[in-house]
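Both chains come to you apart, so use the hints to assemble them.
What follows is each chain in one-letter form.
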Amino acid sequence: MPFGSRIINKIAVVLALLAIAGISGCSKWLDVPPRDKVPESELFTTEQGFIDALNGVYLNMDKASSSGLSDGFYSNAMTLGLVSVLGYDYDVAGSSSVPNANLYNPAYVYEYTNPTLQSEILDIWKAFYVNISNLNNIIKQVDDRRNVFFEDNFERVKGEAIALRAFHHFDVIRLWGLPPGTAGATPGIPYVTNFGILATPLSSVNEALEFCLTDLRIASALLAKTDTSTLVSGNSNLFKAYTQNHLNHWAVKGLMARVFLYQGKTDSAAYYAAQVIGSGKFPLITRDVASSANSMRDRTYYQELLFALYAKTLRTNVQVIFTPGTGIPLYLTNAGLNRVYATPAADAADWRLASWFDRPGNYTVPSKLFQDANLKYEWQNVVPLIRVSEMYYIAAECAGRIGDVVNGVGYLNQVRRARGLGPISTNITTDSLGNALTREYKKEFITEGQTFFYYKRLGLDFKAASGYPLASPPGMYTFPLPDIEKEYR
Amino acid sequence: MYTGFRYIINKEGIALKMGWACILCMVFITTLFSIQVLAQPAVHVVTGKVVDESGKPMPNVTVSCKNLSTVITKANGSFEIKNVPDGAIMRFTHVGFQSIEVKVAAGNYDMSVVMKEAASTLGDVVVNVGLYKRPVSTFTGASSTISGADLRTINPNNVILALVASEPALRLVENNELGSDPNSLPVIQLRGQNNLPTGLSGQQTGEANKAIYEGDVMSTYLSNPNQPLLILDGFPTTLQRINDMDINLIERITVLKDAAATAAYGSRAANGVIVVETKQPAGGQLRVNYSINFNTAIADLTSYDIMNASELLEAQRIKGVYTSESNYNHIGLSQWYDYRYRNVLAGVNTDWMAQPVRNGFGTQHSLSVSGGNGAALRFSLAVGYNNTVGVMKESNRENLNVTNLISYAGRKLKISNNLSISRSRSNNTSWGSFGSYVNQFPFYKLTDSLGNILKILEPSAADLGFLVGAPGGIQANIMYNSTLNVTDESGYHGFSNNFLLDYSISKSFHVRGAIGYSMQLPSSKQYFPADHSSFVSSGSSTVNNVGSYSMTEGQNSALNGQISMDFNHQIGNHAFNASVGLTAQQTKSSSISRKVTGSPDDFVNDLGMLNGYNLSTRPNSAYSETRNVSNFLSATYTYLRRYTLEGTVNQSGSSQFGSNNRTAPFWAFGGAWQADKEKWFKPNKYISNLRFFANVGLTGNQNFGPYTYSVYQYNTTDDYRLQLGTMVNGYANPNLKWQQTKKYSVGAGMSLFKAVVNVRASLFLDKTNNLILPLSVAPSTGFSSYSDNLGSTESKGYEVSIGANIIRNTTNNISWTVSFNAGHAETVIKSLSPAIEAINEIFNQPGTDGKNQTRALPRYQVGQSMSTLWAVRSLGIDPANGMEMFQKLDGSKTYIWDPNDKVPLADATATLRGSFTNNFVYKQFTLNVVFSYQYGAYGYNQTLVDKVENVNIAINNASRRVLNDRWKQPGDMVKFKALTDGSITNTTSRFVQKNDFLDASSISFAYNFPRNLAWVRKLRLSTPRIAITQANVFRLGTMKNERGTSYPFARTFSFGLSTNF
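So the protein sequences, as listed, match chains A and B.
Just so you know, we're using this note's numbering here: the first sequence kicks off at 1 and counts up by one.
Just so you know, we're using this note's numbering here: the second sequence kicks off at 490 and counts up by one.
Next up, chain B with everything else stripped away, as it sits in the complex (with noise of 0.2 Å):
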């Protein structure tokens, strides 16, 4: 649905119109010619019906004729397969049951079928460790897999959030200030963090290289070094891939947490890996597979709370803003409030915040056709496009994705090829920050009587004849940039092909390749004409630099390699898998940014139109490439089906480690016990499944950048004598290594009460060793520091998870399921590196030079957790003078801050946080509700500080706490400081708060309609639904913060409408 792109009408626009429809009309001749192919003569019509055991009907059953479609089962277990030929012989399987084939014998055309469950419910679902697969009995590593189908329910939007709120391991790093701005990429960790957030691992970059960074699969890691590592059908790829990702086109995702599980990817998977699967054509039929989802979102401001017109004012005159010593100053500033009362009287009370947010309505539409001749030749074609509108105005971001699939089965060979082309665009409002819509203050006018929106917004003192000017000075509307023309967009075209071959050179060997290119062109503009806000200091008289145009463009790509074989053997009780295989990466990215200025109105609004560069801007390139080679040897041995014995080791090669140190060897050891096998364990009906595992191994971490080469860095701004020169850049540690992370890990998992409630639950310790961290040297030696593998971090925590199926009537398609999980990880350092406790004694100087600690700033020490809040202990405030009063180290009070008193107060980390989820079904109602939650956390109230404290409210607006609960009075007994207090307030204790909450994250309601609906059948639809969701409902919580301050959060609404034909 490539029609929603809004593309500007000129020559440009159309042709990239005529780009896209060639490409589409290339994948469908593809697609059609391989449906070409498959034309079959028809024979006989097959109908009959399976049942389980117990003679329970069995839906969802797969039934396969060779080369023919393959269907599934209706719910009442009744199936249908057309041209049959007589002696066909037919498939049945189902996940937990043996599969069964039964030959059509002439005449018996209507069959019934009894599936047995397999011995192991287990045994037959397979971990996808991305390199290579295993069944879950003869794993010994933590992992969790959530089916595509949950996650839509979760949040038919967007995959990242999903996934977080169903997996307890994984933290969304919540921004704070960016809210739910849909173009700001989610940042993630698994399993606490491991590093130390120095500055040195991420790369500088601008506002406008942003989109850029975001698509290279290099400096994605660098900019979060503590990112899992994501792999997309087998290869690594970046997280704004899978955020972009049509989550209809998923199958499931993998999270893969421990050594065991992840030892095979070597140097890059001491942050977990999460590997995501799409979905593979069905084959059969040609199948047609539509859903349209209309989403609404809705600013979330119920957390802001500030003064309107009257409060302010009366706020304000307390404070002393309309006082003077000077009686003549004394006088002007009475005008003043007279003049701003007598607005208030009138009824003026501007909501501001009401200005810039807007609802969202967005549309997702994902159209998806498959089919093939039988189980042999299968192909998919699908076409994704989702708009999500953002709640500030003008701010949304457009996704396209076409992906192609075809894929051939042969009975040794198997060949599939993944094309996939996406097109990404997003808006960044021009309205600017929300946050200065909150501070403005409600008593001045939005408009002029004519209804024109105000750039200033009070007349000057020389208009109205005051004696002076306005307190806090004139101040401009920064709406009045939205009324200009202004543009702030990026966007990329992506290309991504991946080819595998699967060869089985017996039924126990196979071989396969796989080759991947992915390729992305990111770009970026931002236009603000002269008139816009940003230039109002600048001065009218350098013309020349008023009115700015940046463009930023960018390549990047990856081309992957994979060669790797599986061997699965069974001799008696024995039972060996084995894999090995090697994988290779070269990673490209370049970028090329520009800056032009002088622009005098916005007519002038092109590259080429405005006046040329600055004195201060020229234009910037970067280039990156990187190679990464690794293999792998992992190997399972079972004996008897009850222990298992794994063993994985891996050699990683890196082109960021340092030339002395090229390769690096990794490796895990693991073992599982399933203890319900043992001829001890009686069949009982408590404990059906018991299973434990234990695991070490050792993983490294390359999300660093290349210290290790010894470059020169020329000038190229001064000469000498006509001649350029150039100087060492830093020293290079040719002996610099990966991070290790040595990690322990133990678990269990029970089925209880006949598989009603199931338990997970797993323990882990990881020690990170080699941190990568500046180390001081001696300044004659000419440089100040070098990057060395000093620091190490130690990350404990465990995650528990019981599922329970309540009500489970397939009959009557009643079904009620509980599940409750809660997890925790916290960090703790255990050794630095000189420099960083540098930059704690940074932070513990007195408020030199005007600055102030009015934010919680981070300090590294040994032994304490890597969130440690650390601020003065505070004594409340004094009832008598309304100061606020401290208690220093050795326990005297005093009224003085000093930086030296700070302690460890509290931990931002959780000592418990997860979710639980609720999904009912009854009949053809399905309703699904998903609460997380956090507990046992602290945080420090910024807002609180912000807005209250060390506000100032002649200028901004602020929280009507400034008016009610600040002390006033000798006797007040109160949490603020004066309102006449005009000290700045430092970290203190009084504002570190428990951050506990429970937020309702998910509520979704579906009806499935009946196939036996006269409309149904008359569409010829299979399997229509329409769902309703939303997201983020309600936030219950103990810390009363502004959430979103530059960018509000929303709640959303989904509609949704799928079906197949």
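Chain A with its partners taken away, still in its complex shape (with noise of 0.2 Å):
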């Protein structure tokens, strides 16, 4: 018996180690990753779940539903919705039976005090930043999983994803910062890039916009290492395909252009809209599409443009804004019409004017962003983001403002020619130059939401710029910053 109760004994101690110690040595059993959802830890361990996770910005960049923002954020809010009422690019913002009245309305007068403008206004700022959190893991995780990409796809996403960090800011910069030349040191936004639960402090706007150009700068150091040889349209290869419509290198350079000018630095911005113009990648369109039929028509120039968001909302948030159930919808009138089209008259053959515009009743509604079901799969879901127009006018702009009118006129008449308008006369002052360019954007860009902040780059008087009717209030420029965002500072 000793002998037996002996070995039970000890077999009884290591039992009874093993019941004390065993826990401590159970930490990976107990690791149980969620099955119904994708970890992040397994995401990150192939090119596709990058992939998959940059595509997931671009995708709420259309509808930003998880940040409240249900109905479209680069597919209305940001262009043909509250950004372009704010811009006066229609005439009946203020009228009580457009669709979103109770919205568009306060927008109209920049009344940002409104609870209905002032929930908006945060879900577009929630929708910004959540983009910018899913960005920065994109970012912070890239690097240590180099070893997962093939081809120049870790240049692509890594690129993309610091290039639309830059973008998503830029445009709070132009929504919530003070304009530009008066912003000086006051805080305006957090430029955030680090993926967390902490509030990143608030950047000066010209802070904001250096932590801008060092993004652009360093995206577009990777993406020119990837192949931009041509801009490819449908391939087997998705995530190379429809180059457009990912912020792609020439992309870049083209928002690199619009930084540096709303900065103030005429010469770098002029040197990146000569190198996306010299590309050659995004020639004008040379004929007229008026006359082609609906399932023909190629109403945003597709071939102009440098970076379009792929968004299959557009078509329901176009419906909503300009064809409306009930009520009327936002529509430019005669006059309003008339103003920034005909004006002078000889102007009135505008290409755009006849292609862009419909009359379905006794009222003029913009029809760019109509694209028809029939329509070729790469041109339907665009939303022009940047176009290469742009880019002739920010080469203008700069050369006016170093005295040089010939050639600013040089390039705003070469875009002239691609609408079906005649050459205006080099002879001009540098205002002269300046307010021919408030025409071309208020007509290039309607509905996309360029022209608002156009005027407030350039500190306009609005009612005079726009021929908005009300006296513009002070501080219309700038959105205030959410008050659940304020506790936090």
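These aren't lab readings, by the way, just hints derived from the structure by calculation.
Some hints here could point you the wrong way.
[Unchecked claim] Pairwise CB distance ranges (calculated):
id: 1; chain 1: A; residue 1: ASP31; chain 2: B; residue 2: LEU1525; range: 49 to 59 Å
id: 2; chain 1: B; residue 1: ILE945; chain 2: A; residue 2: THR113; range: 49 to 59 Å
id: 3; chain 1: B; residue 1: VAL1351; chain 2: A; residue 2: THR113; range: 24 to 34 Å
id: 4; chain 1: B; residue 1: ASN838; chain 2: A; residue 2: THR326; range: 38 to 48 Å
id: 5; chain 1: B; residue 1: PHE1494; chain 2: A; residue 2: ASP31; range: 54 to 64 Å
id: 6; chain 1: A; residue 1: ASP31; chain 2: B; residue 2: SER588; range: 48 to 58 Å
id: 7; chain 1: B; residue 1: ALA951; chain 2: A; residue 2: LYS463; range: 51 to 61 Å
id: 8; chain 1: B; residue 1: GLY1101; chain 2: A; residue 2: THR323; range: 22 to 32 Å
id: 9; chain 1: A; residue 1: ASP31; chain 2: B; residue 2: ILE1004; range: 51 to 61 Å
id: 10; chain 1: B; residue 1: ILE945; chain 2: A; residue 2: GLN319; range: 33 to 43 Å
id: 11; chain 1: A; residue 1: SER27; chain 2: B; residue 2: GLN774; range: 46 to 56 Å
Built from N, CA and C at the ideal position, the CB exists for glycine as well.
Below, the structure written as structure tokens:
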């Protein structure tokens, strides 16, 4: 018995030790990732995971429902919807029977304290930063996982992610930052580069623009290493297909021109604009599309687009705003239309006027973003975000700023020719060139939201520049920071 | 008795039957095999009588003889045991008495045995903690044990209801909406609630998925984070399993309340633990036990007092339903009034409430066979069938359980295996919600002149030639659905097997190992044909979208393993008990559900026959997996049988914890003092047992979802140029911890007047920290909130129970026992996260967008009880104009209701709640009465608000008080606003009422047939018994509200017969 009991006692001691110590070794066993969703640790082990995460951001630029912005982010609020209303693209946004009247009516008079507008502004803010945080997570993970990528995909994913981060922040600056001439050192917006729950301190507009440019330089260097020989449309490799729907190498250069101009650095802006124009990848159109049937009409001038969002909700958004079931659409009065497109009267021959407007009733609605369901796939569900004509305008403006009016008018006339208009005289003042540009911005970027930012950048008297009927209130160019964001400041 | 199942006879149904038959056969064969092994040669018949020291005969003494059957003594103390060889040792045991062994001497086959009372009557009574057992005398925690027999006396059908009625620390969260729906699971809490109902903790589940998640061990706790841990025969189980169990199989239930009692469960112990033990086979002769219960459920509609046809019409007239300022409309409405008035005169006064209810008749059978070869090899086989029939037509729940238990007890080794198979099927009523019948106008006819049930209750204005449509619109008859072929059922197949091995290394040293696997396959289906009233508004143009069939199937499983060691040793005055163990659990749960639409008529009633997926419907699936591991060491040291110190440590690990905090330590420490064992304590006739205990400990709660994993959610409905996208789904907190509850508990127990009166009392204080709450973050982070350990709550309360054996005459078998218990538990919020304050803010917004605060919305404020009722203080109805006057926070008066004027008015938690029972035995008769009560609680009388003031009597019938008690003319001193006042009544102090009640929970009457009756002997029955039980006999309450708004409460009568063969 002594022998047996000793053995058994030993076993018992071992068991007891096992019971006590057992748990610390179980850490791995206790690691049970959820299976009905994809754990981050698993997603970022493959190239496809990174690509999907990047596509998630592109998709969220269309419909950022996770942030409460359910009816379109870049496919509505940032383009044909709110920002176009703010830029006075439509004459009737103050009417009580337009779609989303409770939003557009206060926006039309820049009443940023209105609760509906305030909550929309908060949702837009959230939509930007949800995308930014997703980009930050990709950027945070991608360097450690360089080995999972093939060909130039590492450069593409990382380059596009960083460029998109700058793209988003730049629009945040343009909405919430003070106009660039007046911003000074006032704290503006957070330029968020970390993925986490700690709030990033606010940067001034200038600091934030510098952060943008830093990101864009890195992105540009990365994307330069990708295959930039041609613009691809359809391709068996879906990630590399449809170059223009990615924030590609050329779009980054175009964006840099835009940011430099916003910052007031005309030489750099001109340099990058000239690079894009000089690449020859985005030729201006040469013939009026107005005569084409709806199913053939390329209203966005797709070949001119440096970066366009593929947005499946665009059709619904266009329908809601321009052919609503009840009430009246956002439209232009005849006077408004003439003020934009027929001043001077000779300019009424504009191809844009002929092909971008419809008269469904006794009013004129913009149909620029109407994309017929029978249009070729490439041209459908496309929201233009950067187009080559802006590069010509930037080049023209920059030339004008240094007194080179002849060259400036030259750039402007190239676009005018591509819109069916005669050239304007090169013998004009810098100011006249500026006025001519303002008119072109209004014509070219209707429903794209860029006019509002153009007025803001130059600090133009809004009423005079846009033809807006009311006295423009001070502070109309700057969204207030959302209250809930201020709580963390 | 599986024949009780009604299967639709088709191929599948027969296959199912065959499957069951096979399983039953296998179980029988196993059982027969074990009987076969046990044949024995006969020797002598030994008879005798057992008495106590005072000479009284002792019934129920266990008499066992090695390798032979075990018997128990009869009422007169006599016993008889067969096949006894000379020299065999007979062992006599009884709780509270010292065991005796007697050797059978040749020739002496009629014994006279005297049993001595054990030194400490409590010494042999054991508390089963589930992981280990301890003698009550060395246990320092608060626990209470209820025997299965006591439970069955209170409620012979439902374990949970019986348990709640007998334990004051347990609270059943009453569901006034679902009433006595047999298919709704009760919600229970032990000693208050330690969690905030933020919606965070529970996963969203639709009706169809109910059956699925209730069977999953993890999600059952997620859906009610305050639910105590349930342990069935050593392993965690679901509330559903306990609810569906055959109550006849239950040996006893132990409720463990404080840290010392539960600390061994570590991170799952914070809500207390309920340990359920099933009966073990007694061994010995083959014994057959059969019981049958006939149950009748009758709807309790006494809380309803609604208007009849003429009263309603009059109320509608006063309200102005039939008048209009426009002359044209006025004429039209008057036509309707005349039409309805003629109907009333013609005697139409339909009793709508009577239509969907019925008297439900259900039966419960329980058959068990047990036996074995003496103490060594034992087996039992039990088959239970229970059909609980609800009071709404067509609703019922059927449970079938087959349990097979085999055990072997050798000198050192004990092995047992418990196999259980169950099937449950529940049908929901196709009659719809009971509330819609209450609302129906009594002046509507039920059927047309041919007796067909009307689909639309009144002819249209066009048919009648009236100028305008009926006031209140066209009303569809919800009863029409009952004429259609509607299917709404769910159910599951369950299987579980527990294997247990116990090895005694020495007399004081045991090792135990156990492994358990349980699996459950739930499913549910719902079919509604196109004609169903839920599609009335869909329009006929979308034929592909009307009529729907949904089907959900799931698979839940849990694998449990356990290894533990017990050590008991006594050296002189020092006694040690120690247990150490390791448990591990893995649960998996998956489900898939699909819904197809398009069923032109109700012949097209199977999944594959319908048109297809609707645009908005697609299959859904869910999968979850959790793993837990936990070890414990619990040790007690007792000195001089008086002073006990007990300590428990536990380390728990769970896959639900954040990756940086995978394991958590828990502990408890306590002491007990048996004061009556002190030398200075002179034995006296007043106090015979006096005991105090106190303990403190830290326990945890892990009833929360996996917020610790950073996951990506794919968007599969949209594509970016033919590619899918994914986004991060919330910020995962790798530092997330278990919730901690620090529990303090003290208590005392004493026996007075020669143990005639037993008193037990305990006090507790639970401080919960690290409550998992959402914390808002700056939106520029890309997130709105994340989960963190932020909140804390504090629960305190007490329980007292007094039991008295007023008459105890064992000779004549007359006894009268009364017991009374009372308890109180309240939870106060100690700290909150800003996100919760944001919820309060939302609830404080004035009624925007037509939203009103017609309900007392929860509001969480630091320092307030979790169940505080907030409402605006009302000054009553102004007799001048019939409008309600409110008091603002600054004391001024106003007619305008403002949510910012809400004040904490009263607490919905009772000052005192509990029960008292009366058990009277006279010879063969037993009478048992259980009352439960609540005192000092307040409630918001929702039905009064909804049925008297916020009722639109143009479309709904309402309480009779609408006609009688509402303000009519200046000078009326009434409690209710003017009938013509169409404004919505928001939360006001007028409807905060005392919610005290006295509930006659159960009255039962039983008769045990004397065994000397001729027929009893002839049929060879051993203890035949009949019992009549009525549950929910009556209720006296201070709050007059309509109870059971969508499913009525029921009164149940049971008539039961049971016998042994």
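Structure-based check of all given hints:
no. : hint                               : result
1   : ASP31/A <-> LEU1525/B: 49 to 59 Å  : 56 Å, holds
2   : ILE945/B <-> THR113/A: 49 to 59 Å  : 51 Å, holds
3   : VAL1351/B <-> THR113/A: 24 to 34 Å : 32 Å, holds
4   : ASN838/B <-> THR326/A: 38 to 48 Å  : 46 Å, holds
5   : PHE1494/B <-> ASP31/A: 54 to 64 Å  : 58 Å, holds
6   : ASP31/A <-> SER588/B: 48 to 58 Å   : 51 Å, holds
7   : ALA951/B <-> LYS463/A: 51 to 61 Å  : 59 Å, holds
8   : GLY1101/B <-> THR323/A: 22 to 32 Å : 31 Å, holds
9   : ASP31/A <-> ILE1004/B: 51 to 61 Å  : 23 Å, violated
10  : ILE945/B <-> GLN319/A: 33 to 43 Å  : 37 Å, holds
11  : SER27/A <-> GLN774/B: 46 to 56 Å   : 53 Å, holds
Hint violations for this structure: number 9 only, all remaining hints satisfied.
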